[in-house]
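Engineer: If you want the building blocks of each chain, they are given just below.
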Amino acid sequence: MNDSMNTDWELFEVFLRAKNGLNHKHVGSVHAADTTMAIGVARDLYTRRNEGESIWVIASKDITASDPDNSDALFEPAKDKIYRHPTFYEITKEVKNM
Amino acid sequence: MYTTDLRTAREKASDEAKAAKKKVVDDPALLKAFQARIDNDEVIEAKDLMPEAYRATLTRQISQHAHSEIVGMLPEGNWIGRAPTLRRKLILLAKVQDEAGHGLYLYSAAETLGTSRAEMVDQLLYGSAKYSTIFNYPTINWADIGAIGWLVDGAAITNQIPLQRCSYGPYARAMVRVCKEESFHQRQGYELITVMARGSAEQQAMAQDALDRWWWPSLMMFGPHDSDSIHGHQSAKWKIKRFSNDELRQRFIDATVSQAEAIGLRIPDPELKWNEKTEHYDIGPIDWEEFWAVVKGFGPCNRERLEARRRAHEEGAWVREAAAAYARKQSERQAAE
Ligand SMILES: [Fe+2]
Ligand SMILES: [Fe+2]
Numbered sequence: 001m002n003d004s005m006n007t008d009w010e011l012f013e014v015f016l017r018a019k020n021g022l023n024h025k026h027v028g029s030v031h032a033a034d035t036t037m038a039i040g041v042a043r044d045l046y047t048r049r050n051e052g053e054s055i056w057v058i059a060s061k062d063i064t065a066s067d068p069d070n071s072d073a074l075f076e077p078a079k080d081k082i083y084r085h086p087t088f089y090e091i092t093k094e095v096k097n098m
Numbered sequence: 001m002y003t004t005d006l007r008t009a010r011e012k013a014s015d016e017a018k019a020a021k022k023k024v025v026d027d028p029a030l031l032k033a034f035q036a037r038i039d040n041d042e043v044i045e046a047k048d049l050m051p052e053a054y055r056a057t058l059t060r061q062i063s064q065h066a067h068s069e070i071v072g073m074l075p076e077g078n079w080i081g082r083a084p085t086l087r088r089k090l091i092l093l094a095k096v097q098d099e100a101g102h103g104l105y106l107y108s109a110a111e112t113l114g115t116s117r118a119e120m121v122d123q124l125l126y127g128s129a130k131y132s133t134i135f136n137y138p139t140i141n142w143a144d145i146g147a148i149g150w151l152v153d154g155a156a157i158t159n160q161i162p163l164q165r166c167s168y169g170p171y172a173r174a175m176v177r178v179c180k181e182e183s184f185h186q187r188q189g190y191e192l193i194t195v196m197a198r199g200s201a202e203q204q205a206m207a208q209d210a211l212d213r214w215w216w217p218s219l220m221m222f223g224p225h226d227s228d229s230i231h232g233h234q235s236a237k238w239k240i241k242r243f244s245n246d247e248l249r250q251r252f253i254d255a256t257v258s259q260a261e262a263i264g265l266r267i268p269d270p271e272l273k274w275n276e277k278t279e280h281y282d283i284g285p286i287d288w289e290e291f292w293a294v295v296k297g298f299g300p301c302n303r304e305r306l307e308a309r310r311r312a313h314e315e316g317a318w319v320r321e322a323a324a325a326y327a328r329k330q331s332e333r334q335a336a337e
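Protein chains in written order, with the working numbering: chain H, 1 to 98; chain X, 1 to 337.
Incorrect hints may have been included.
Which chain H residues stay away from chain X? Per the calculated CB distances, all over 10 Å, these [unchecked claim]: (1) T7; (2) W9; (3) S29; (4) R49; (5) E53; (6) L74; (7) D80; (8) K81; (9) Y89; (10) V95.
List time: in silico DSS-like cross-link candidates among lysine-lysine, alpha-carbon distance up to 30 Å [claimed, not checked]: (11) H/K61 x X/K47; (12) H/K93 x H/K79; (13) X/K32 x X/K239; (14) X/K21 x X/K32; (15) H/K61 x H/K19; (16) H/K81 x H/K25; (17) H/K79 x H/K25; (18) X/K180 x H/K19; (19) X/K18 x X/K237; (20) H/K81 x X/K47; (21) X/K12 x X/K296; (22) H/K25 x X/K47; (23) X/K18 x X/K32; (24) X/K32 x H/K79; (25) H/K61 x X/K12; (26) X/K18 x H/K79; (27) X/K180 x X/K32; (28) X/K47 x X/K32; (29) X/K12 x X/K89; (30) X/K296 x X/K277; (31) X/K237 x X/K296; (32) X/K239 x X/K47; (33) X/K180 x X/K239; (34) X/K18 x X/K296; (35) H/K25 x X/K239; (36) X/K296 x X/K21; (37) X/K239 x X/K12; (38) H/K79 x X/K239; (39) X/K21 x H/K25; (40) X/K47 x X/K21.
Keep in mind the hints are simulated off the structure, nothing from the lab.
From the three backbone atoms N, C-alpha and C, an ideal C-beta is built for every residue, glycine too.
Generate coordinates for the entire structure from the input sequences, incorporating the hints supplied.
Structural biologist: In structure tokens, the structure reads:
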């Protein structure tokens with residue numbers, strides 16, 4: 001191995017708002033020495049074709065994610081509560097729209 | 001292709017022996033449950049349980065794909081300073097910048113599997129990582145820039161479109177971005193070579209010369225024939241690879257022949273013939289000896305390409321160090337306030 005074995009800059013997750021009125025959406029990640037640089041790299045990497053009007057970056061290590069192993073415990077309970085959806089309810093035919 | 005397994009038989013055997021030694025042998029129950037998820041067309045995400053062999057295959061494929069995008073900037077970069085017009089220069093700059101972006105999307109996707117970017121870059125520069133054979137050919141006349149966009153990006157697109165539905169989510173998403181950007185690459189190349197093919201006799205000769213030199217290496221990008229590639233099967237089962245090397249190569253040939261005809265260029269294959277029965281073009285034999293020689297490092301530019309990458313990496317070291325030192329100082333200052 002060569003002596004240039006290097007370490008990476010910190011990893012940041014990048015979120016873009018395509019235009020005002022929309023949410024910021026995760027688009028990928030970049031390595032950068034700090035947040036200012038992360039914004040600059042994200043701009044070069046993810047907005048070369050007008051994909052965004054606003055960028056958020058956050059150090060990946062600062063994100064807390066749910067554990068896929070707990071998915072059932074977390075999300076299963078919502079699955080059988082069909083009465084939370086409007087289609088569960090029958091409305092008399094005389095009423096056309098509701 | 002950027003993504004075909006370019007390890008030699010000996011490298012494959014050594015990887016397998018290493019895996020066996022480290023006891024990363026997957027539990028059959030896990031393999032079965034995982035296969036069931038794949039068969040059910042579920043998308044696998046970074047934190048999901050996955051067989052180590054799936055992780056290793058994808059890490060190798062995605063990092064090799066990333067390396068190909070990065071090394072792939074070199075043959076075209078060779079002409080940025082010599083582009084004949086400002087329009088062509090802007091286009092070429094934008095294209096090469098896109099390729100850098102593709103490399104970065106792909107490194108990010110590979111990192112989600114647990115290998116650091118530094119390690120992957122090191123494997124390219126000082127280890128045994130591979131990249132597509134196509135980038136070990138020189139760009140010796142301006143029409144080569146057209147041929148690369150038309151043929152090399154064209155072949156890459158053929159390969160990358162089905163990868164948008166690959167079972168591994170981060171890879172598939174990176175491919176969606178890449179494919180969106182690729183179509184301009186192919187069109188600008190075809191436009192360039194069209195202009196030359198319709199130009200002066202000298203320009204026409206350059207266009208034909210470029211096609212003559214890039215045709216066969218482009219077909220080799222898809223990798224060995226299905227009958228000779230042992231590793232395709234498992235990747236197909238895991239829905240990493242949805243079409244075989246030969247299927248993708250055929251798709252590319254069928255699409256490209258008429259594009260050459262349309263601009264009066266001749267495909268350099270005397271055996272090329274439309275087959276009424278199969279409704280595909282038949283081609284003459286591919287020189288696999290040349291392919292494996294390039295894989296093993298004996299292509300016209302292998303050494304030059306790696307040297308250029310190493311030089312860029314080493315000469316940029318002080319910039320990376322300075323940026324890291326600056327960031328450290330800033331955060332210390334902030335902590336003190
Ligand atoms: Fe690319
Ligand atoms: Fe491209």
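Engineer: Which of the numbered hints are not met once you compare them with the structure shown?
Structural biologist: Per hint list: 1, 2, 3, 4, 25, 26, 27, 29, 30 and 39 violated.
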